Amino acid sequence: MIVLAKESKKKIMGKLIKAIWIFNWFNSCGFCELVPLVGSRWDMERFGIIVTGTPRHADVLFIAGYQTIKSIKRAQRVYEQMPDPKVVIALGSCTMTGGMYWDSYNTIKKLEDYLPITMYIPGCPPRPEAVFEAVGKIFNHVKEMKD
Amino acid sequence: MSKKEDILSSFSSKFDVKVKTQRDRRLWASIQKKDLLDISAWLKEKGFTHLSSLSVTDWIDDGKYELTYHLWSYTDNVLITLKTKISRKNPVIKSVSSIWGENAQIHEREMHELFGVKFEGNSDLSPLFLEDWSGVPPFKKDFDWREYVKEKFYDRNNERESGYYD
Chain A
1 MIVLAKESKK KIMGKLIKAI WIFNWFNSCG FCELVPLVGS RWDMERFGII VTGTPRHADV
61 LFIAGYQTIK SIKRAQRVYE QMPDPKVVIA LGSCTMTGGM YWDSYNTIKK LEDYLPITMY
121 IPGCPPRPEA VFEAVGKIFN HVKEMKD
Chain B
1001 MSKKEDILSS FSSKFDVKVK TQRDRRLWAS IQKKDLLDIS AWLKEKGFTH LSSLSVTDWI
1061 DDGKYELTYH LWSYTDNVLI TLKTKISRKN PVIKSVSSIW GENAQIHERE MHELFGVKFE
1121 GNSDLSPLFL EDWSGVPPFK KDFDWREYVK EKFYDRNNER ESGYYD
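In order, the protein sequences belong to chains A and B.
Reminder that position 118 of the first sequence reads as 118 in the working numbering, one-by-one numbering, no gaps.
To get the working numbering, take the position in the second sequence, counting from 1, and add 1000.
By construction, these hints were calculated from the structure, which means they are not laboratory data.
Accuracy of the hints is not assured; some may be wrong.
What the hints assert, rightly or not - Chain B regions said to be covered by chain A (calculated; three or more residues, Cβ under 8 Å):
id	stretch
1	1121 to 1127
2	1149 to 1157
Unchecked claim - Dumping the calculated DSS-like pairs for lysine-lysine here, alpha-carbon to alpha-carbon at most 25 Å:
id	chain 1	residue 1	chain 2	residue 2
3	B	1150	A	70
4	B	1046	A	70
5	B	1150	A	109
6	A	109	B	1118
7	B	1034	B	1046
8	B	1064	B	1020
9	A	70	B	1118
10	B	1152	A	110
11	A	70	B	1141
12	B	1140	B	1033
13	B	1020	A	73
14	A	109	B	1140
15	A	73	B	1152
16	B	1141	A	109
17	A	70	B	1140
18	A	110	B	1150
Remember, predicted model here, so these are calculated numbers, not experimental data.
Glycine included, every Cβ here is placed at the ideal spot set by N, Cα and C.
My request is simple: use the sequences and hints to build the entire structure.
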């Protein structure tokens, strides 16, 4: 935290956006809906987005699919293990509001009660282009920051 | 005589059960609760080594739970389905984990969680999928999940959520 106080926020965030390393927390259909991003058709690596194997290397947490009361606790632990600065992006309607599971006894209904969400990407599922747009917004946001 | 008919005749002669041939290589047997362990042990001897599933049906109007045990024999390729009814008010039955071991243990643990059926003799009936669960077992038919969700997750005074209460 001492280092954070010395450097400006723009400089810190600038390190993040050189390459966005993501950690996926995908439940149920969330995984298969976002897997096309990795493949050659949409190819997220051309934007410097790489999936990491551990939350300790990740800048961004992608959270998708319905979250159960059991799994959200694990998501919180994943979030806590990520180094600062960190960004959380929620994908899809089930993640954000419960979606079609709005009356299920075992899924969470308001994600913001459990994790600090930076950006929501709505859709069922969100298009891969929407994910790139969200990432692009992070880039632009950092570029437009004042020193 | 085929293997299925062999099992059929020896099964119904040895125990007081109603065995029905559902279709080729598939038998349904309605049994008494007290005979469960004897029949299970006998069938295990006969080669039904795999308890492939255990399910519970909630017959709320009759006040009964129906337990269904699916048993598969790898030697004879026959599926036997044992069905037994127990009281819904006091759902207690002897565990078959002494016969099928871990295989039965995990099925019974799940059914205990979802229906509240108590399996006497099962070593571990702690919650399997539900964490911090305080309500009644959720697969019971008299569990009003919509009411539960409204109480636990939503707020009537919240503008976005008041529509759920109408």
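Hints and how they fare:
Only residues whose beta carbon comes within less than 8 Å of a beta carbon in chain A count, and the stretch 1121 to 1127 of chain B has 0; fewer than three means the coverage is violated. Look at the stretch 1149 to 1157 of chain B against chain A: 4 of its residues bring a Cβ nearer than 8 Å to a Cβ of that chain, three or more, so the hint holds. A C-alpha spacing of about 19 Å is found between residue 1150 of chain B and residue 70 of chain A, which places the hinted pair at or below 25 Å, so the restraint holds. Distance hint between residue 1046 of chain B and residue 70 of chain A is unfulfilled; the C-alpha atoms sit about 41 Å from each other, more than 25 Å.
Pair hint residue 1150 of chain B plus residue 109 of chain A holds up; C-alpha atoms about 11 Å apart against a cutoff of 25 Å. Among the hinted pairs, residue 109 of chain A with residue 1118 of chain B is inconsistent with the structure: their alpha-carbon atoms are about 32 Å apart, more than 25 Å. Of the pairs offered as hints, the one joining residue 1034 of chain B and residue 1046 of chain B holds, with about 20 Å between alpha carbons and a cut-off of 25 Å not exceeded. Proposed proximity of residue 1064 of chain B and residue 1020 of chain B is supported: the alpha carbons are some 21 Å apart, at most 25 Å.
This hinted pair checks out: residue 70 of chain A and residue 1118 of chain B have alpha carbons roughly 24 Å apart, not beyond 25 Å. Among the hinted pairs, residue 1152 of chain B with residue 110 of chain A is consistent with the structure: their alpha-carbon atoms are about 12 Å apart, no more than 25 Å. Note on residue 70 of chain A and residue 1141 of chain B: the hinted pairing holds, with a Cα-Cα distance of about 23 Å set against a maximum of 25 Å. Of the supplied pair hints, the one linking residue 1140 of chain B and residue 1033 of chain B holds, its CA atoms being roughly 20 Å apart against a limit of 25 Å.
For the hint pairing residue 1020 of chain B with residue 73 of chain A, the CA-to-CA distance comes to about 48 Å; that exceeds 25 Å, so the pair is violated. Straight-line distance between C-alpha atoms of residue 109 of chain A and residue 1140 of chain B comes to about 23 Å, which keeps the hinted pair within the 25 Å bound. Annotation: proposed proximity of residue 73 of chain A to residue 1152 of chain B holds, straight-line Cα distance about 17 Å (limit 25 Å). Of the supplied pair hints, the one linking residue 1141 of chain B and residue 109 of chain A holds, its CA atoms being roughly 23 Å apart against a limit of 25 Å.
For the suggested pair residue 70 of chain A and residue 1140 of chain B, the alpha carbons sit about 21 Å apart, so the restraint of at most 25 Å is met. Of the supplied pair hints, the one linking residue 110 of chain A and residue 1150 of chain B holds, its CA atoms being roughly 13 Å apart against a limit of 25 Å.
Violated hints for the displayed structure, listed by number in ascending order: 1, 4, 6, 13.
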